[in-house]
Amino acid sequence: AQSVTQLDSHVSVSEGTPVLLRCNYSSSYSPSLFWYVQHPNKGLQLLLKYTSAATLVKGINGFEAEFKKSETSFHLTKPSAHMSDAAEYFCVVNKKGSGGTSYGKLTFGQGTILTVHP
Amino acid sequence: GAGVSQSPSNKVTEKGKDVELRCDPISGHTALYWYRQSLGQGLEFLIYFQGNSAPDKSGLPSDRFSAERTGGSVSTLTIQRTQQEDSAVYLCASSRDNTDTQYFGPGTRLTVL
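Chains A and B are the protein sequences, given in the same order. Sequential numbering of the first sequence, starting at 1, is according to my numbering. Sequential numbering of the second sequence, starting at 119, is according to my numbering.
Hints should not be assumed to be uniformly reliable.
Said to hold, decoys possible - Simulated restraints, written as ranges between beta carbons of each label pair:
| # | chain 1 | residue 1 | chain 2 | residue 2 | range |
| --- | --- | --- | --- | --- | --- |
| 1 | A | S84 | B | R199 | 34 to 44 Å |
| 2 | A | T5 | B | G177 | 42 to 52 Å |
| 3 | A | S70 | B | E186 | 41 to 51 Å |
| 4 | A | P118 | B | D136 | 17 to 27 Å |
| 5 | A | T115 | B | G190 | 24 to 34 Å |
| 6 | A | N41 | B | T188 | 44 to 54 Å |
| 7 | B | T196 | A | H117 | 38 to 48 Å |
| 8 | B | R199 | A | Q110 | 28 to 38 Å |
Stated by the list, open to error - Subject to a maximum C-alpha distance of 30 Å in a straight line, what follows is the list of computed DSBU-like cross-link-like pairs (lysine-lysine):
| # | chain 1 | residue 1 | chain 2 | residue 2 |
| --- | --- | --- | --- | --- |
| 9 | B | K133 | A | K42 |
| 10 | B | K175 | B | K135 |
| 11 | B | K135 | A | K49 |
| 12 | B | K129 | A | K105 |
| 13 | A | K68 | B | K133 |
To be verified - Stretch by stretch, here's where chain B covers chain A in the computed footprint (C-beta under 8 Å, at least three residues):
| # | segment |
| --- | --- |
| 14 | 65 to 75 |
| 15 | 104 to 113 |
Rather than coming from a laboratory, the hints here were simulated on the basis of the structure. Given the structure is predicted, the values throughout are model-derived calculations rather than measurements. All C-beta atoms in this analysis are idealised placements derived from N, C-alpha and C, irrespective of residue type, glycine included.
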């Protein structure tokens with residue numbers, strides 16, 4: 001079984017300050033982990049993914065996440081928030097298949113709404 | 119290239135009616151997934167298709183829900199005798215195969231009155 005917990009339902013930051021969105025996972029297998037972003041009334045967009053390569057993963061729009069097996073965490077960070085970053089963010093876990101790729105159905109966290117103040 | 123498309127974007131129906139939601143995956147993608155996003159339950163897996171294999175239906179909430187995928191491309195999610203608790207955004211995703219990153223469509227917002 002696998003699950004994912006996003007530790008904050010809402011995060012509020014000022015423009016230009018760092019962003020930290022926290023995620024812990026539980027998986028019976030070595031997981032694949034993802035962060036997706038959803039802007040209002042839009043579909044889900046992939047920010048970044050971890051399969052089995054480097055533990056520090058860089059994504060789009062300046063976001064990155066670090067896989068920490070000992071802490072079972074996959075927190076999302078960005079050094080400087082922009083107004084356009086305001087959205088809902090989902091941490092997602094999947095079973096990892098052979099070769100380090102993921103497969104099948106995704107399990108989503110409950111989401112973190114990021115608000116960016118001017 | 120074109121992404122995953124879904125239609126309709128919005129659907130309002132009366133309780134007890136049947137609805138059909140359509141998904142057009144990215145061309146060449148062999149895996150197709152349906153998810154549901156609702157206020158109370160968050161994002162939940164419903165069903166997925168991979169090539170010619172039998173679909174994984176383990177997430178379907180009741181036998182009122184069914185889905186088919188014709189010709190390995192377009193998929194239709196059907197909800198029979200809709201209930202108010204079926205109101206949600208239904209998201210479709212596709213991937214090159216079931217080991218690859220999933221790309222999501224914009225969703226269909228279903229409202230059951």
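To see whether the hints hold, each was checked on the structure:
Look at A:S84 against B:R199: about 42 Å separates their beta carbons, and that is inside 34 to 44 Å. For A:T5 and B:G177, the Cβ-Cβ distance of about 20 Å falls outside the hinted range of 42 to 52 Å, so the restraint is violated. Between A:S70 and B:E186 the beta carbons are some 45 Å apart, a value that agrees with the proposed interval 41 to 51 Å. Distance hint check: the CB atoms of A:P118 and B:D136 are about 47 Å apart, inconsistent with the given range 17 to 27 Å.
With their beta carbons about 42 Å apart, A:T115 and B:G190 fall outside the hinted range of 24 to 34 Å. Taken as a hint, the range 44 to 54 Å is violated for the pair A:N41 and B:T188, whose Cβ atoms sit roughly 29 Å apart. The hint said 38 to 48 Å for the Cβ distance between B:T196 and A:H117, and at roughly 44 Å that hint holds. Taken as a hint, the range 28 to 38 Å holds for the pair B:R199 and A:Q110, whose Cβ atoms sit roughly 29 Å apart.
With a C-alpha separation of about 26 Å, the suggested pair B:K133 and A:K42 falls inside the 30 Å cut-off, and the hint holds. A distance of roughly 22 Å separates the Cα atoms of B:K175 and B:K135; the hinted pair therefore holds under the 30 Å criterion. Restraint check: the Cα-Cα separation between B:K135 and A:K49 comes to about 40 Å, which exceeds 30 Å; the hinted pair is violated. Proximity of B:K129 to A:K105 is assessed by CA-CA distance (about 25 Å); at most 30 Å being required, the pair is judged to hold.
Simply put, A:K68 and B:K133 have alpha-carbon atoms about 47 Å apart, too far for the 30 Å limit, and the pair is violated. With 0 residues bearing a CB less than 8 Å from a CB of chain B, the segment 65 to 75 of chain A misses the requirement of three and the coverage assertion fails. Under the rule that three or more residues need a Cβ within less than 8 Å of chain B, the assignment of the segment 104 to 113 of chain A holds, with 8 such residues.
Against the hints set out earlier in the document, violations occur for numbers 2, 4, 5, 6, 11, 13, 14.
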